[in-house]
Amino acid sequence: MSGFDLCLSARFSNILPVRIEQDRPSAQPRSARGPARAASLLLALLLGGHGPAAWASPPAGERVEADLVAEPAAIAAGRPFWVAVRLRMLEGWHVYWRNPGDSGEAPTISWHLPPGFTASPIVWPTPQRIPVAHLVNFGYTDETMLLTQITPPGVLAAAGGVNIQADVTWLVCQRECIPGAAHLSLGLPFARGGTTPDNGPDNGPDNGPDNGPDNGPANGRASSRESAPENGRQNAAWEATTAGIFAVARRAVPRPAPWPARIELERDWATLTVDGAPLRPTVRAAYFFPNAETLVRHAAPQELSIMRGRLRLRLERSALSTTPPTDAGGVLLIEDSAGSARQAFALTDVAIGEAPPPPQGISLWAVLQAASLALLGGVILNLMPCVFPVLSIKVLALIEQAGGSRQQLRRHGLSYTAGVLVAFTLLGSALIALRRAGAEVGWGFALQSPVAVGLIAYLLLAMALSLSGVFHLGSSLQGVGRGLAQRGGLGGSFFAGALAAVVATPCTAPFMGTALGFAFTQPAAIALAVLLALGLGLALPYLGLTLAPRLIPCLPRPGAWMERLRQMLAFPVYATVAWLVWVLGQQVGPAGLLAALAGLVLVGLAAWSFNAAQSAGGWGRRAALSGLLASLVGIAVAAAGLERNPGEPASGAPSAAARHEPFTQARLDALIAAHRPVFVNLTAAWCITCLVNERVGLASDAVEAAFAAKGITYLKGDWTRRNPEITRLLEKHGRSGVPLYLLYAGDGRPSVLPQILTPATVLAEVARLPDPAQRRGSLPTPARE
Amino acid sequence: MQLVARRTVLAASLAGAAAIALDVALAPTIAYQAPQARIGEPAPAFALSDSNGKSVSLADFKGKTIVLEWTNHDCPYVRKHYGGNNMQRLQKKWTAQGVVWLTLISSAPGTEGYVSGEEANKLTLARGAAPSHVLLDPKGEVGRAYGAQTTPHMYVIKGDGSLAYMGGIDDKPTTRLDDLKTAKNFVDAALTELAQGQSVSRTTARPYGCSVKYSS
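Heads up: the sequence lines are chains A and B, in that order. According to this note's numbering, numbering within the first sequence proceeds without interruption in unit steps and concludes at 785. According to this note's numbering, numbering within the second sequence proceeds without interruption in unit steps and concludes at 1001.
If you are wondering where the hints come from, they were derived from the structure by calculation, not from laboratory data. Fair warning: this is a prediction, and the values are worked out from it, not measured in the lab. Where hints are given, some of them may not hold.
Computed list of chain B residues with no C-beta within reach of chain A, every gap over 12 angstroms [what the hints assert, rightly or not]:
1. 848
2. 884
3. 893
Per label pair, the in silico range of CB-to-CB distance [to be verified]:
4. A:675 to B:962: 50 to 60 angstroms
5. A:91 to B:877: 35 to 45 angstroms
6. A:120 to B:963: 22 to 32 angstroms
7. B:980 to A:167: 39 to 49 angstroms
8. B:830 to A:253: 29 to 39 angstroms
9. B:870 to A:675: 43 to 53 angstroms
10. B:830 to A:771: 21 to 31 angstroms
11. B:980 to A:709: 26 to 36 angstroms
12. A:636 to B:844: 50 to 60 angstroms
13. B:956 to A:348: 24 to 34 angstroms
14. B:974 to A:116: 38 to 48 angstroms
Note that CB positions come from ideal geometry on N, CA and C, so glycine has one too.
My request is simple: use the sequences and hints to build the entire structure.
Below is the structure:
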């Protein structure tokens, strides 16, 4: 901050001579600040280095200080140059961006330029989000620079200069708003003969005869003034500070986004999708400032999801416009946890509506490219901890059976491949269908379900235990050789392939992201083709070995080492299980985690029992089999527990404290009929907002006490699984999802609480309810007399 | 036999996992929404005290066309429309034809535009305004229910209780008095169309002005 102050002081002390020359009080009749500004200038002059203190805030009575700054000291014919209208606000006041948000008005600049000069539209700096009560404005505090590029005509007089003028209007608001205006003018000399301190690449020989080797400080961008000016110390210092001003101004302008973007409009939603490989999962936050004023509800939260290099923001659409905007662009602010810096990108040419079909000419090439990337990704996937053990087992079996018939080997290879491809087709079709239906799912969507995560963990643990030698699954999983001998292992190979596909879903390989990201923007057939390429890649190493059995002799001879290797291979699988348990921990909390871990113990028991049943006979076998059966039942119960538990961990103890009843429409109707106040909380385990609200807004003692004091019945409806009653209640209130908080005052007319709850909002709403005694006497509430 | 059983178990668990994954994925994604007044839908009902302390409810005016005007007399945009006699002229023109004109003040106590009933009456008199009622909404409940953002922010409700127009009063989002001459007044247009038994052609516009000074 002090550095910034220093910069200001340098800027002002050096800019003064020029400013005085530029400021022609007679030329700004509409600026009420003439005298005030002169006084400030004088003050600044007197105070020297302390001048900025007087300048840091606008003169008394003024909330905005406006001035006009040009980047070059002199201008040349046909060479565009930059000027900036600088607005400096009193602390706590703000002016607005091009889309001012829920209220306010953008500044305007109307230029009065000499003949032949043209001005570009304003290049707007990245705005801030300025909340006012429950509304949101977009604008600037402290200081902002509105850059404009001015292009002089191709021919200018050999000497002299021009005067450019701007009528600037703005609205400045704190809580109240005050319109302001200023007439600004600036004299700019033409570049003429003399030493040229910054004759950079921009103003070289092409500037014509009047731009000799010794032309004065000419126009140009900051980049063209890297070398220090040589003529006149004062001028040099002035230039340095001007360059500084414009460097700061340029930093505030969003960079053009290098990625394609589109917005899909539904009745209630506008979904912004930005495709771009640089968008990593490390993006922590993103915010979209739309250029259009009636596209989205500015105050609504913007829901971010990042998937395979694609950033998606779900924006609540404003009811203020039903037609698509002419300009769907805006500024995308991205916060990356890796860089930790905020970056602003200007999104221009944002496509509206459905994803445009890929251009036909490029399409085939792009598909081939994606398919080969997918193939490569699939091959690499074999080395990932999810799949590597499965593949290794198949290869070990292959080594054991190197002597088998080629035809049989080939059949096994093909069965395995078919298993992989069928599984990929099923998963892919389901995924495509879901996306068609509007669900926000991506590859690996199974992992969104704790039960699926749990089941995959169980499956992998069983596999790992088998590798460790706790039990032997026989031909179906490992023994392609035994299967060969028995002529019955083809199904086993098929399922091994399917298993490989399923266990692969939690893993990502290099190249996969790009390929799948592309695939899911394409028609179903192309998406499936890319997916199948991925599957083929996955199956390829094994398929290759079986199709080219000549390679098998290249593999090591079978021996005792294989058993050792098999046991070693168990550990990456155990590691994968550990990771999945960690994922589960995120999803279900400690209580659910206990169920998951109990399930894992039971998998161990089941494996042991299975082995015992295989080796024992008679009663022992029966005991072992019943142990196996019991543990399988236990596993199922534990898995089901995962489904039931999720809602609880997050609400945890507090939910037990704030005692609630499960929601049913009948119960609600009965309470309303009895004129009892009711609080309805419609929530779901997968709704993070709901869980946070419950913990933050509803779980405090104060809220519980307030509920008790007013005799409020708390009904909690859990929408984690489908529940038509809850869906109907949601629809009745125009909602398509949770959370929804309703407070019935006893008259059957609910007030809808905001979707972001704080104890204060809940308490304020509850405080409006009549006291229990009063309620019995008279029904009306303040809101409805 | 054993082999078949094992395969069946494997197949079943795979199918099970896929089915559960599908099930979960089919569940709606996180979605929520704050209430928004919508064109064609019933206008949110309310009852408020007017500047004379009388309770006024939307239901009192069943069958009539109703205009809601959010205001804050100190807001420069409101001052444009009252200073230029634009708002008063509209009020007089349409109340004379049986339209109910409700001016609402949602400024919280202590904020700009907040007035007592008495002060509101003085303002009406001083400005020569002609609303049917000035309604006081210091808690901002009605403002929030309608999603009123700015002063002025206008709503037109049809006789059947549905919302016919919402948004800015005209197409010139400025504080310049001169702009009144060239502005296209959307409220006047909507009321004219309704009076002629037509449907409103322009149902929304960007509301412009100062933010409503809600209690935080």
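Status of each hint after checking the structure:
no., hint, result
1, 848, "holds (20 angstroms)"
2, 884, "holds (23 angstroms)"
3, 893, "violated (8 angstroms)"
4, A:675 to B:962: 50 to 60 angstroms, "holds (53 angstroms)"
5, A:91 to B:877: 35 to 45 angstroms, "holds (43 angstroms)"
6, A:120 to B:963: 22 to 32 angstroms, "holds (26 angstroms)"
7, B:980 to A:167: 39 to 49 angstroms, "holds (40 angstroms)"
8, B:830 to A:253: 29 to 39 angstroms, "violated (47 angstroms)"
9, B:870 to A:675: 43 to 53 angstroms, "holds (49 angstroms)"
10, B:830 to A:771: 21 to 31 angstroms, "holds (25 angstroms)"
11, B:980 to A:709: 26 to 36 angstroms, "violated (51 angstroms)"
12, A:636 to B:844: 50 to 60 angstroms, "holds (56 angstroms)"
13, B:956 to A:348: 24 to 34 angstroms, "holds (25 angstroms)"
14, B:974 to A:116: 38 to 48 angstroms, "holds (42 angstroms)"
Hint compliance for this structure: hints 3, 8 and 11 are not met, and every other hint is.
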